[in-house]
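Asker: Taken in sequence, the protein lines are chains A and B. Residue 1 is where the first sequence starts when you use this note's numbering, and the numbers rise one by one after that. Residue 1 is where the second sequence starts when you use this note's numbering, and the numbers rise one by one after that.
Mixed in with the good hints, there may be bad ones.
Derived Cβ-Cβ restraints for the label pairs, each shown as a range [unchecked claim]:
id	chain 1	residue 1	chain 2	residue 2	range
1	A	G184	B	A99	32 to 40 angstroms
2	A	Q393	B	P12	49 to 57 angstroms
3	B	S205	A	E65	23 to 31 angstroms
4	A	Q250	B	I117	48 to 56 angstroms
5	B	I190	A	Q402	44 to 52 angstroms
Derived by calculation from the structure, the hints in this document are not laboratory data. For glycine and all other residues, C-beta sits at the position ideal for the given N, C-alpha and C.
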Amino acid sequence: MLASRATTSGDAANGADGASRDAPVRDRGDPDAGPLDHDHEPAGAKHLTAAVALVGVSKRYGDVEAVRDFTLEVEPGELLVLLGPSGCGKSTVLRLVAGLEHPSEGTVLIGGTVVNDVDPKDRDVAMVFQSYALYPHLSVRQNIEFPLRSRRAPARRRRELVDEVARGLQLERLLDRKPAQLSGGQRQRVALARAIVRRPAAFLLDEPLSNLDAQLRLEMRAELVELHARLGTTSIYVTHDQVEATTMGQRIAVMHEGRLQQVGAPRAVYERPANAFVAGFVGHPPMNIVPARIGTAELARTGARAPGSAGAGAGWDAERYPSGPSARAGESAGAAIFAGGEIALSPELVARVRRRNLDHVLVGIRPEDLHPDPKGAVSATVSLVEDVAGYQQLSCRLGTGQLVGASAIAGGPVFRTGEAITLSALGEPHLFDPSNGERVDS
Amino acid sequence: MIAGAHRRVRSPAVREAALGYLWVLPALVVFAVFVFYPLGKAVWLGLYRTPPFPNLPSKYVGLSQYGSVATSPPFLHSLERTLLFVVLTVPAGIVLGLALAALANQRLAGIRVFRTIFSSTVATSTAVASVIFFTLLDPQVGLFSYWLGKRGGTGILQDPTLALPAVSVVTLWQNIGFTFILMSAALQSIPDDLLEAARVDGASSWIRFRRITLPLLSPTIFFAAVVGVIGSFQAFGQIDLLTQGGPNNHTLVLIYYIYQAAFIDNNYGLAAVMSVILFLILFVLTLAQFWFFERRVFYGRSA
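Produce the entire structure from the sequences given, and follow the hints as far as they go.
Answerer: Next up, the structure:
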């Protein structure tokens, strides 16, 4: 249940809240439920058909919870990218799959089999480390054949397989060298070759490109995608680089503070971020997220929030809106009002906001959707102009002091630092609940 | 005069070299006085036969004394005892030190206690170690004698077959702390990534040790072997305190034989000849170890 939910494109799996709300199957209060209680879920559950699955996995180091209630399925043959800022637990997830860490709670499955107690050497997964972890005392050939030797492949077979993989990755001339004699890109290839050579059930790649220079990274990125297309092996790719994630992944899974935030196709995640974190993390330059008030005559008249609005939100509101919600002259009902301007919302969106009893929201507008416009409703001062080929990328300071990104369309007027402008947004903004960051129309 | 002043302006390379020699001069002086001069003096002393009675003139016999000593049965016996002592102490010391280091390299609660215990022997002097073991090996009150069922009989240190092994055990025990520290440091310098990669690559813990850890430890093992061999050839304190070369010369290692010849028998000629031979043996052994290990040791980046 939880499983199918988390894999739906663009859907949020908002950690424990989401799990307890949507997954009645999992009785978290059951004292007898051990870490393997997921075995008793109905047969045919999605994680049994997945190539790699994590079900309700947590990992604690003492008091630190690196991964919290993490559920994710990786489809057979898929290239899934685990994306998140450093320290979000994405590498830990990879290590849990590899077996280098043991889950504190939950189940890890590979090919439908629970592998919680299976040693890494018996898991049939291959890992590419950020450092490449090449064996420095062994030649390139010995490095690549190491996994075959461990599995006692006969010498002739080893030689054939190594030659074949080396050919595919242009390593033939380097087979007798030691890792220290290779360039960064060549070491990267050797690490890949060592992973590929034994045709594992899944590849685990831990930031494999982060030690390469920018040019080489672009090349290897394309090469990796091509390699995946050729081999069709299930792959989990960990990165903190959202450009890498959105260009490489068939699906991306965004993590933050140990929790899975959203899983989906890159475009779906980009277009409908499940919460304010994902909205701010995916996309470059990052989405502008501005606190705003919902202009409604009703709310203004009562002068108080409707019952049920989040308690946590009160303090947040008081901090940013010392004046509190009150009717102002000339404001439109059902518009998001911020920084002296307002942005119109569709009736559906307004209805969603009403249903959640929100009088304040976080408005998300991507810089590429925010443009200088003489008829714009939000006034701002240009504080930085960056000329990107063809257009201008602007940083603008709002009346509230907040900086927002905007873009000036190619061929339009040229803007200068210090210029006072007005901005208007294209399309409908993203709205998030200020109390928990959740998307309002999720 | 004017010409001389001109000649004093030398090229920068020469001046730099002169400065370099000036800096190493103190070290050279120390080496000359305490190493090169005694070595030369020992070689020279070996050319003279010490007279059988004091106050008689020593007789120049040239290199013949070297030949006669090198083939004499007492010397060969002593050499054999020395080699046996090295064989008993060095390989076992490395294996034990490495094993303890591997054990203490686990991430376990309280492992520091074991690290401290295993390395503690480095802080004991040879004299202290010898006195402790002398008591333990005592035929009347010693624990070891009791365990080996030799209580009241011939002491272990007095037993011709057990004396050298017993002295070796004391030496092993005393050296284990140093080897342990060496091996622990080397183990900790191996990146976790490599061993984790090997785990994922399907290597069992034995294969990981054999194919990853051991090769990466080879420079340290080499160092321990060279230092250990030299140390065992020069072991003196424990022999002097435990057996004085006995029983029946069964623990009469070369260095102790030299000491006896020089300071008990006052036979400086004999002592000098054996010292030079010991020096040559160590020199050749060390060269051989370098030659052997150079081809097998992996020195990280440079390989």
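Asker: Next step is simple, just say for each hint if it's right about the structure.
Answerer: Going through the hints against the structure:
no.: 1; hint: A:G184 with B:A99: 32 to 40 angstroms; in the structure: holds, 37 angstroms
no.: 2; hint: A:Q393 with B:P12: 49 to 57 angstroms; in the structure: holds, 56 angstroms
no.: 3; hint: B:S205 with A:E65: 23 to 31 angstroms; in the structure: holds, 29 angstroms
no.: 4; hint: A:Q250 with B:I117: 48 to 56 angstroms; in the structure: holds, 55 angstroms
no.: 5; hint: B:I190 with A:Q402: 44 to 52 angstroms; in the structure: holds, 50 angstroms
Going through the hint list in order, the structure satisfies each hint without exception.
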